[in-house]
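Chemist: Sequences are here, hints too, so could you generate the full structure?
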Amino acid sequence: MSLPLDVKILVVDDFESMRRIVKQVLNDIGFKDITLADDGATALPLLKNGDFGFLITDWNMPQMEGIDLVKAVRADPRLKGMPILMVTAEAKREQIIQAAQAGVNDYIVKPFTPDTLKAKIEKVFAGLAK
Amino acid sequence: MTKNTGTFDPEKIIVERLQQKCGELTSCLVNMDVAGAFSVIEHINATKEESIYYGLGMLARGLHTAITNFEVDDFGKAYLAHEDTGAAAKITTQLDNVVEMSEQSARKTLNILDDTTPLVKELKEESEAIEAALRDTHPELADRVHKQHERLSKIDSNLLEILMAQGFQDLSGQAIKKVNVILEGLQTDLLALLRYANQVKSMSEPVPVEFPAIGELADSSDVEEVEEDKQEAMAQDDVDDLLSSLGF
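Residue numbers (numbering that gives the first Met the number 0), protein chains in the order written: chain A, 0 to 129; chain B, 0 to 247.
Since the hints were made in silico from the structure, they are not lab data. Idealized CB from N, CA, C, for every residue including glycine. Hints may be right or wrong, so weigh each one.
Partner residues aside, some chain A positions facing chain B, computed with beta carbon under 10 Å [stated by the list, open to error]: (1) V24; (2) D27; (3) F30; (4) D57; (5) N59; (6) V108.
Modeler: Listed below in C-alpha cells is the structure:
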C-alpha cells in the first residue's frame with residue numbers, strides 16, 4: 000500500500016541505540032521527517048507544539064512511561080486522533096491489553112525485524128484509511 | 000531458604016547449641032534442679048527466635064558482601080570513560096557501568112553504520128545506472144556490473160542486520176535496570192526486617208544466646224532466590240492474535 004511518506008514522525012525511547020535503529024528503518028522505508036525523544040516527558044510537549052502525524056513509543060521510560068504518554072495523547076483534543084505504535088520489550092498479556100485499552104493502534108514486541116515494523120506501519124495507516 | 004553451600008552453616012550451629020542445651024537440661028533434671036531446668040528451657044525457646052534473627056542477619060550480610068565485592072573486570076574498567084573504577088563499588092553501580100559500556104559500543108557501531116550505509120546505497124544506484132547504460136552496447140560488461148550490484152545489495156542487507164543487532168543494548172540495558180531495582184529493594188527490605196526483628200527482640204526479657212558476630216562472617220551463599228514473575232512473555236504472533244481479538 001502507499002504510505003504517507005511525508006508524515007512527521009516522533010520516535011520515543013530512552014535508549015539511544017533503539018531510537019537510531021527505528022529512525023534508520025523508517026528512513027529505509029522512505030520516511031524522512033523523523034524526530035527523536037528520549038522520554039515521554041520530553042515527547043509530550045513536542046507533540047503538543049508540533050505537527051506530528053505519527054507516534055512510535057517505547058513503554059519503559061524513566062520520567063514518563065509510554066503507556067502514560069499514550070493516555071495523555073488520547074486525552075488531548077488536538078492529538079487524540081494521532082496513530083500510535085508501541086514498540087516495547089514488554090510482552091505480557093495484561094500489558095498488551097492495557098496498551099490496547101489506552102488507545103494504541105498496534106503493538107510490536109522487541110526484538111523486531113524491519114519487515115515487522117513496515118508491516119505494522121502499513122496496517123496502522125490502512126486502518127486509518129477505512 | 001536455599002541450602003548453604005559456603006563455609007559457615009548456621010543450621011549446624013543451631014543444632015550444636017540445642018544439643019548442648021539439651022545436655023544441660025538432662026543434667027538439671029538428673030540433679031533435680033527444677034529452676035535450672037526452667038532456665039535452660041527459656042534458653043532453648045530464645046534460641047528459636049534468635050536463630051531466625053541470626054538467619055536474617057546472615058542473608059543481609061551475604062547480600063551486602065556480594066554487592067560490595069562485585070567488580071567489573073580489568074578490560075571493562077579500561078573501556079570505561081570513568082576514572083574512578085579501581086575501588087570495589089556497589090554492584091548496582093557496576094551494573095550501570097555495564098549498561099554504559101554496551102551503550103558506547105552500540106553507539107560506535109551505529110556511527111560507523113551511519114557513515115557506511117549511504118555509501119553502499121550510492122554504489123548500488125551507480126551500478127544500476129552503469130548497467131543500464133551498458134546493456135545494449137556491452138551486454139557482457141552489463142552482466143558483470145549486475146553481479147556487483149547483487150553483491151552490494153547483499154552488503155546493504157548485512158549492514159541492516161548489524162543495525163538491528165544493536166537492539167541488544169536496549170534489551171540488556173532494560174534487564175540490568177530491573178535487576179538493579181530488585182537488588183536494591185532486596186537489600187533494603189532485608190535490612191528493614193533485621194531492624195524490626197531487633198526492635199522486637201529488645202522488647203522482650205533478654206535471654207543471652209550466643210552466636211558468632213554477624214560482622215565476622217565470611218561470604219555467605221545462603222541467599223534466597225527472588226520469586227520470578229509467573230506471567231510469560233508473548234511472541235509477536237500471539238500478540239497479534241490477542242490484538243485481533245480485541246478488535247485491533
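Chemist: Which of the numbered hints above does this structure break?
Modeler: Going through the list in order, the structure violates hint 3 alone and respects the others.
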